[in-house]
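Given the coordinates of chain A, work out where chain B should sit on it, guided by the hints.
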Amino acid sequence: MSDQRVREALERLPIPEEPPDFFDDLWLKAEQEEREAARRWRRIAVALITLVFVAGTAAGVFAVGRGAGATVVDRTIACRVITNLDSGSVYIGSEVRLPPDHVNGGVFYQPGSLWVAGNAGAKPQLTYVQVSKLVKGGYSFDGTICKKTAAIPLARSGLPSLGTFSRAGNARFDESCDVAKDSLVTVRIRVTELSANEPTGAVLAIRSGRRQRPTAFVEWTPTRVRAWLAAGCIQR
Amino acid sequence: MSGDVVHAVERFRRDEGHVNLPTDRGRLESILDRHHRRLRRVVVGMIGDANRVDDVLQEAYLKAYRRLPKRFANEAHEATWIYRVVYRCCLDELRRSRRSRESPQAELHVVARAPLDVSDVLAELAPNDRGVLLLVDLLGFGYEETAAVLKIPRGTVASRLNAARARFARTIDE
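Sequences listed follow chains A and B, in order. Numbering of the first sequence is given in the working numbering, commencing with residue 1 and proceeding in unit increments. Numbering of the second sequence is given in the working numbering, commencing with residue 237 and proceeding in unit increments.
Misleading hints may appear alongside valid ones.
[Stated by the list, open to error] Below, in silico cross-link-like pairs of lysine to any residue (SDA-like), each with a Cα-Cα straight-line distance of 20 Å or less: (1) B:Lys299 to A:Leu26; (2) A:Lys29 to B:Glu265; (3) A:Lys29 to B:Asn287; (4) A:Lys29 to B:Lys299; (5) A:Lys29 to B:Gly262; (6) A:Lys133 to A:Thr223; (7) A:Lys29 to B:Arg303; (8) B:Lys299 to A:Phe23; (9) A:Lys29 to B:Ile267; (10) B:Lys299 to A:Glu36; (11) B:Lys299 to A:Arg39; (12) B:Lys306 to B:Asp260; (13) A:Lys133 to A:Trp115; (14) A:Lys29 to B:Asp269; (15) B:Lys299 to A:Trp41; (16) A:Lys123 to A:Leu184; (17) B:Lys299 to A:Asp21; (18) A:Lys181 to A:Arg211; (19) A:Lys29 to B:Leu264.
These are calculated hints, taken from the structure and not from any lab test.
Just chain B, with the same shape it has in the complex:
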């Protein structure tokens, strides 16, 4: 079969939908297959409000879908990118909540004094410290990866992590 014929057949098959070219949706689905469960845990830890978790996660995924890069340098780059998108959406949500004075953390803080669970303890931390703690201690990210996701220097990751761990331990021991 000559090259031209092969080309024509391929084009026909593509037109007919027989060739599964990676669409943006397909690529994002593939990324989410790998990271969704862990991303969900981050959002739960960051937001603290179970009712808002799915909305924030969907908003983050839609944002990711709209801004999906054409290609990633490697898997680490891909992971950093999707975690950063989700983390930013969490911060946006926390800002919105604070502005509307309907902070779920505040509610949780008041309602859930006893018994105190992990969500309540996390809610005691500043959002930036919470992010570092969740990425490093919950998901097992290294300092470099965390620094890349949060776009902060490695040293800042270390200092925030120390402060967050100390505060977390103090609160949970109380």
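Isolated chain A (complex conformation):
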């Protein structure tokens, strides 16, 4: 069979009749496809926008969370009250942030602080714990006579309220609480820092005496302080 005969044979290929609506049907399908594609893109766009929004919100939450609470230091220390007197004392003080004060031509910054101190033998007063923007790192613990110990409850434990302190009213307190000579003062503090040197809050609990009774509980922020102290504590 020659190539020509192959071509002639192929010419006899029966071609079925085309439906009259072939192209109408085609363009209808094309339009449907386009509409579906548009809908699909809209869904993708909505999903992407939602995703971006959620991611942004999450990032914001993480950023705020990290900033506000990423650095939390929770430590409990026990400090022995060493004194030649009949009884020892533990001093608890705090103040809120105040405008810088000008003293003798110098500037005295008052960024707000919280501290606990006690007798330490030759030293009439040794700072056990301090929270302040002026302290390197934002907080400090004594490492000479104070040792790490088991945590005590970070709670009011039925102590009477000393009051709330803010810039609007009383901005500070400085109290002295008697404790038994040579007894241990246990201090637990949880400090929250925005960044190093930037404490944003602290919660403090103190127990003292041979029975480790609740002595003080303080909630501190640079703008507001609330304190609960044992009945025996007196203003210095």
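Chain B in isolation, oriented as in the chain A frame:
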């Protein structure tokens, strides 16, 4: 009339739909005007199942519509492109048919033993050989054009064509 005014009028007319800018649909319609009848013959020859021809052709045209290039270098390029799209769709359809074991060729082969027509003879050929035979001997494509459509070397076109013609002639003579 200043240039700005002309521009404004043109924009107005375009906004009003007075200017027939070539849309994708318009361009594809123009291509199909030139090639549809011959493309239909290729699909018939490739598929062999008259009931599936229109579906395959529509699927191919929709694919072409979705992937229509912005421009073609020349008419030959345009033809090569549309034939390739249709040819690929035919191969896809044949693969689907083979997978679902509902091959129209197989059915035709069994049902149409007597009398044997051209469709049955084509069904005896491998799809690649069938493609070459249809493009060259039915549509009169040159080897170069066929090679471009099928994306195979020119030599392969020649060898496939020889094999396809021989097989076709043998089968039709039986």
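Violated constraints from the hint list, given by number and in increasing order | Of the numbered hints, all hold.
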